[in-house]
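Asks: In order, the protein sequence lines correspond to chains A and B. Quick note on the working numbering: the first sequence kicks off at 206 and runs consecutively. Quick note on the working numbering: the second sequence kicks off at 206 and runs consecutively.
Treat the hints with care, since some could be wrong.
Identical copies look the same in the list; a pair holds intra-copy or inter-copy alike.
As the list claims (entries may be wrong) - Within a straight-line C-alpha distance of at most 20 Å, the following computed EDC-like cross-link-like pairs (lysine to aspartate or glutamate) qualify:
id : residue 1 : residue 2
1  : LYS312    : GLU495
2  : LYS448    : ASP247
3  : LYS312    : GLU274
4  : LYS306    : ASP275
5  : LYS220    : GLU263
6  : LYS429    : GLU405
7  : LYS465    : GLU421
8  : LYS212    : GLU224
9  : LYS235    : ASP294
10 : LYS235    : GLU225
Think of the hints as simulated: they come from the structure by calculation, not from any bench. The model shown is predicted, which means the values in this text are computed figures rather than measured ones.
Number of protein chains: 2
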Amino acid sequence: MRLIDGKAVAAQIRKEIAEEVTSIKKAGGKIPHLAAVLVGHDGGSETYMASKVRTCEEVGFKSSLIRYEDDVTEEELLACVDRLNNDSDVDGFIVQLPLPKHISEQKIIEAIDYRKDVDGFHPINVGRMSIGLPCFVSATPAGILELFKRYEIETKGKHCVVLGRSNIVGKPVASLMMQKAYPGDCTVTVCHSRSQNLKEMCQSADIIIAALGVPEFLKADMVKEGAVVIDVGTTRVPSALTKSGFKLAGDVKFDEVSPKCSYITPVPGGVGPMTIVSLMRNTLLAGKKEIYK
Amino acid sequence: MRLIDGKAVAAQIRKEIAEEVTSIKKAGGKIPHLAAVLVGHDGGSETYMASKVRTCEEVGFKSSLIRYEDDVTEEELLACVDRLNNDSDVDGFIVQLPLPKHISEQKIIEAIDYRKDVDGFHPINVGRMSIGLPCFVSATPAGILELFKRYEIETKGKHCVVLGRSNIVGKPVASLMMQKAYPGDCTVTVCHSRSQNLKEMCQSADIIIAALGVPEFLKADMVKEGAVVIDVGTTRVPSALTKSGFKLAGDVKFDEVSPKCSYITPVPGGVGPMTIVSLMRNTLLAGKKEIYK
Numbered sequence: 206m207r208l209i210d211g212k213a214v215a216a217q218i219r220k221e222i223a224e225e226v227t228s229i230k231k232a233g234g235k236i237p238h239l240a241a242v243l244v245g246h247d248g249g250s251e252t253y254m255a256s257k258v259r260t261c262e263e264v265g266f267k268s269s270l271i272r273y274e275d276d277v278t279e280e281e282l283l284a285c286v287d288r289l290n291n292d293s294d295v296d297g298f299i300v301q302l303p304l305p306k307h308i309s310e311q312k313i314i315e316a317i318d319y320r321k322d323v324d325g326f327h328p329i330n331v332g333r334m335s336i337g338l339p340c341f342v343s344a345t346p347a348g349i350l351e352l353f354k355r356y357e358i359e360t361k362g363k364h365c366v367v368l369g370r371s372n373i374v375g376k377p378v379a380s381l382m383m384q385k386a387y388p389g390d391c392t393v394t395v396c397h398s399r400s401q402n403l404k405e406m407c408q409s410a411d412i413i414i415a416a417l418g419v420p421e422f423l424k425a426d427m428v429k430e431g432a433v434v435i436d437v438g439t440t441r442v443p444s445a446l447t448k449s450g451f452k453l454a455g456d457v458k459f460d461e462v463s464p465k466c467s468y469i470t471p472v473p474g475g476v477g478p479m480t481i482v483s484l485m486r487n488t489l490l491a492g493k494k495e496i497y498k
Numbered sequence: 206m207r208l209i210d211g212k213a214v215a216a217q218i219r220k221e222i223a224e225e226v227t228s229i230k231k232a233g234g235k236i237p238h239l240a241a242v243l244v245g246h247d248g249g250s251e252t253y254m255a256s257k258v259r260t261c262e263e264v265g266f267k268s269s270l271i272r273y274e275d276d277v278t279e280e281e282l283l284a285c286v287d288r289l290n291n292d293s294d295v296d297g298f299i300v301q302l303p304l305p306k307h308i309s310e311q312k313i314i315e316a317i318d319y320r321k322d323v324d325g326f327h328p329i330n331v332g333r334m335s336i337g338l339p340c341f342v343s344a345t346p347a348g349i350l351e352l353f354k355r356y357e358i359e360t361k362g363k364h365c366v367v368l369g370r371s372n373i374v375g376k377p378v379a380s381l382m383m384q385k386a387y388p389g390d391c392t393v394t395v396c397h398s399r400s401q402n403l404k405e406m407c408q409s410a411d412i413i414i415a416a417l418g419v420p421e422f423l424k425a426d427m428v429k430e431g432a433v434v435i436d437v438g439t440t441r442v443p444s445a446l447t448k449s450g451f452k453l454a455g456d457v458k459f460d461e462v463s464p465k466c467s468y469i470t471p472v473p474g475g476v477g478p479m480t481i482v483s484l485m486r487n488t489l490l491a492g493k494k495e496i497y498k
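Can you build the whole structure from these sequences, using the hints too?
Replies: This is how it looks when you write it as structure tokens:
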């Protein structure tokens, strides 16, 4: 069994991005600029956002944080999106989700200029990804594919079972894994809460990508010898052992599943750290106008 | 075994659409108008186009056919798309594929206003379909889903194996069959030319949607008792028995597979006739501005 060290890979990618930013600076080019919009004071969102800003600093990006209180109107937020769309200094920007209930997340996402949509949530980017065209791929699926690449894991012709059909992980990662590309070229099965024979499906999988959000859902008897297991679960569960009073739980019962695996990601330290670097990668691509002119 | 009669279902849908057009006329509303652009004189394209125009007449739509010779430039074609985008009388339009090699099909598709993209090929419509938002669903996948609906075939929790990962059939039908909806809510597996264990995968399927374009690919020993088989294959093969010198061959070895099935579509007369009525349905929705304002 080999542990996939997302933390180390992410650190390596941050270093690579930082080097590229240094070269851009030396050549007198424009420093990539990521803007982020944060509404309210949700604990999780605050943590993610602080981490994104910190990573921008580490790789040498310019970053801007625009804050609104929970009572911001949809109109005000759309006006903000419009300003960022038209701000030529901003290469890419994100609106941190979730948003308060009186605001339509979909409306906000669709208002973002897809050429600045570094979260990859705009329908144009989702559609282009499905068709196999250059686009901004959302951070978590992109991070997972990068792990396959860095560990040189064979995917062609393999059976990849994706657990979960969310718009931000399950569906896009399934779409990517079936493309005629590396990583990809898999036979892909998408399972979800309604699936019959989910256990048998997992047992036949060469690769399992678990993104259900159900702590310790995947047990040893559901995994075949030598499988690759990618755990995308990050459910907060109470813990007496941490200062914060909670810990992150993956979708995989790690202790019993890991001995059977050829490769496995831990939680934390697997897919999680890859997410933010994937956002950074998208911002770099946006800054260099590599995907859209 | 029950034969799915796509021809009869399509006739019924044409009748329903015609009735709705009659009501619109009576109420003094605008008659839906489908425009089609045809480049060159490819035999298959001519046949499809004639059939589309004829169906428009049958259901009471207004239709326009714009023809170009093979030597039309990309610029001229883009100008035509632009005119149709801005023609307020045209509710929806299609550019018949394939196009000559000197023209980028993708560029033409992306130039079409997605609100008039009744073929559902624009990345915005593809993306919105994946996310589960209202959109124009491309004709063949939409036609397949309509057959499930009309025959009241249970899909929830079933294992649906899609053979083929094309952008116009395999990927979109897989995307639809995994949505939390009816028809849908399936465990979906996408197989293709690189798949290992394709046979075993088919054997475990409750529903098989064959869209490989390989005549008689699916044999009896690949299908379990009681499966639902949808044959999307339409390969032209030589035939001494027809006037034209060829016949349409499906992806399914019908004679040996059909006795094992609970439901099966024939070729011709299965999915084929549904494709044009799905385009008509999209045009009706476009005319009524039901999806986009």
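Asks: Confirm or reject each hint.
Replies: Status of each hint after checking the structure:
no., hint, in the structure
1, LYS312 with GLU495, "between (26 Å within a copy, 18 Å between copies)"
2, LYS448 with ASP247, "within (19 Å within a copy, 71 Å between copies)"
3, LYS312 with GLU274, "within (19 Å within a copy, 42 Å between copies)"
4, LYS306 with ASP275, "within (10 Å within a copy, 53 Å between copies)"
5, LYS220 with GLU263, "within (9 Å within a copy, 64 Å between copies)"
6, LYS429 with GLU405, "both (10 Å within a copy, 16 Å between copies)"
7, LYS465 with GLU421, "within (16 Å within a copy, 39 Å between copies)"
8, LYS212 with GLU224, "within (18 Å within a copy, 62 Å between copies)"
9, LYS235 with ASP294, "within (9 Å within a copy, 46 Å between copies)"
10, LYS235 with GLU225, "within (12 Å within a copy, 57 Å between copies)"
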